[in-house]
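Top line first, the protein sequences correspond to chains A and B.
Take the first sequence: its letter number 72 is residue 66 in the working numbering, and every next letter is one higher.
Take the second sequence: its letter number 49 is residue 43 in the working numbering, and every next letter is one higher.
Any given hint might turn out to be false.
Identical chains share a label here; the pair holds if one copy fits it or two copies do between them.
[Stated by the list, open to error] Subject to a maximum C-alpha distance of 30 angstroms in a straight line, what follows is the list of computed BS3-like cross-link-like pairs (lysine-lysine):
1) Lys118 to Lys165
2) Lys98 to Lys118
3) Lys136 to Lys118
4) Lys118 to Lys200
5) Lys1 to Lys31
6) Lys176 to Lys98
7) Lys64 to Lys118
8) Lys200 to Lys67
9) Lys64 to Lys149
10) Lys67 to Lys153
11) Lys118 to Lys67
12) Lys165 to Lys139
13) Lys67 to Lys136
14) Lys153 to Lys64
15) Lys98 to Lys153
16) Lys139 to Lys176
I should point out that these hints are in silico values taken from the structure, not numbers from a laboratory.
Only a predicted model underlies this, so the values are computations on that prediction, with no experimental measurement involved.
Number of protein chains: 2
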Amino acid sequence: MGKFSNKISETVIRRMPVYHRYLTELIESDVERVSSKDFSAITGFSASQIRQDLNNFGGFGQQGYGYNTKQLKEQVDKILGIDKTYNTIIIGAGRLGSALARYKGFRTSGFMVTSLFDIDETIKNVSGIEVKPMRQVRDYIKEEKVEVAIITVPKEACKEVADILIDAGIKGIWNFSPYDLKAPERVAVENIRLNDSLMTLSYYMKEL
Amino acid sequence: MGKFSNKISETVIRRMPVYHRYLTELIESDVERVSSKDFSAITGFSASQIRQDLNNFGGFGQQGYGYNTKQLKEQVDKILGIDKTYNTIIIGAGRLGSALARYKGFRTSGFMVTSLFDIDETIKNVSGIEVKPMRQVRDYIKEEKVEVAIITVPKEACKEVADILIDAGIKGIWNFSPYDLKAPERVAVENIRLNDSLMTLSYYMKEL
């Protein structure tokens, strides 16, 4: 892919995990081939939308054949970069950090949680994963070549923690703190905004 | 608002919580008035985008004055329906359910968690909130007029649990199970797809 595919819109990128998800289900149900019409019905996106999306990356369908599920999933996974693994740490060993440490979805996406960090040095272990003192995080990132950090600290601490991580060389941040983390140029950030989702739910309930 | 505003696109709706978030910050910093230009710089949306979004609901700015932050936030909250409170329960008292039970953001969005439910009847209390046996959920929803349920059960149990909740009269579901819950007509559903977000992070890391 390289840097030149940066112009692909975020909307297209956010549909790729949806393709991944449904292709995984089709493969698990032993479906080897899916027509663009059926794939459209499953995903809820129009057939031309799917074609356009995939054309951004070269296009993978064959006229009159549809898509080979395994081949297409391999391509989608490659586009998403989940065909490799990322050494991942969690910052904050509270309830959310602990819940995430046990989250199985990480493994299927290639995110391998190797350690948790907390400023409370009395916490030694959570969900079978060692909890290390926060003051060691900088060295750990450098020595273990950690690429991804999941932030679950309180809002007030988020910026300071992120600065330390970025300075130590982290490449991706999955931020659960209710703080709007802006990514510097060489770091990817996904802010998880649980409250935004709740408000959207509230809106749609009002409209029922 | 009523049913006729249903035609407002999801993209517009999903920008409303962003307005809410930044207006709250402005008000907390004692900013009473914000020009559409400044509000555009803060939110990252263009001034004309903001004007268009708000025009969907009547429009709230004044030429040459900009926006009164408190008044605009009140309007946005009303649009989102978060000026009222929702009686909320959590299904599943595992780590994620417990983490969510302690999540402070619920209160500011009007979601009041009154009880957790679990099939494991040995769990009695989590984060200071009573855990009730799952077999009582139907009666509890009806008697306590519960409107929202947060699902944190394993993927395999999600559909069955949702059917029980919907049958008992729940109006909104915030689903954390990695199962693609489809909403029947009279129920609003927000599926939280943590894995989709992780894959997006992976993509953007690859593009760095």
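When the hints from earlier in the document are held up against this structure, which numbers fail?
Violated: hints 4, 7, 11 and 13.
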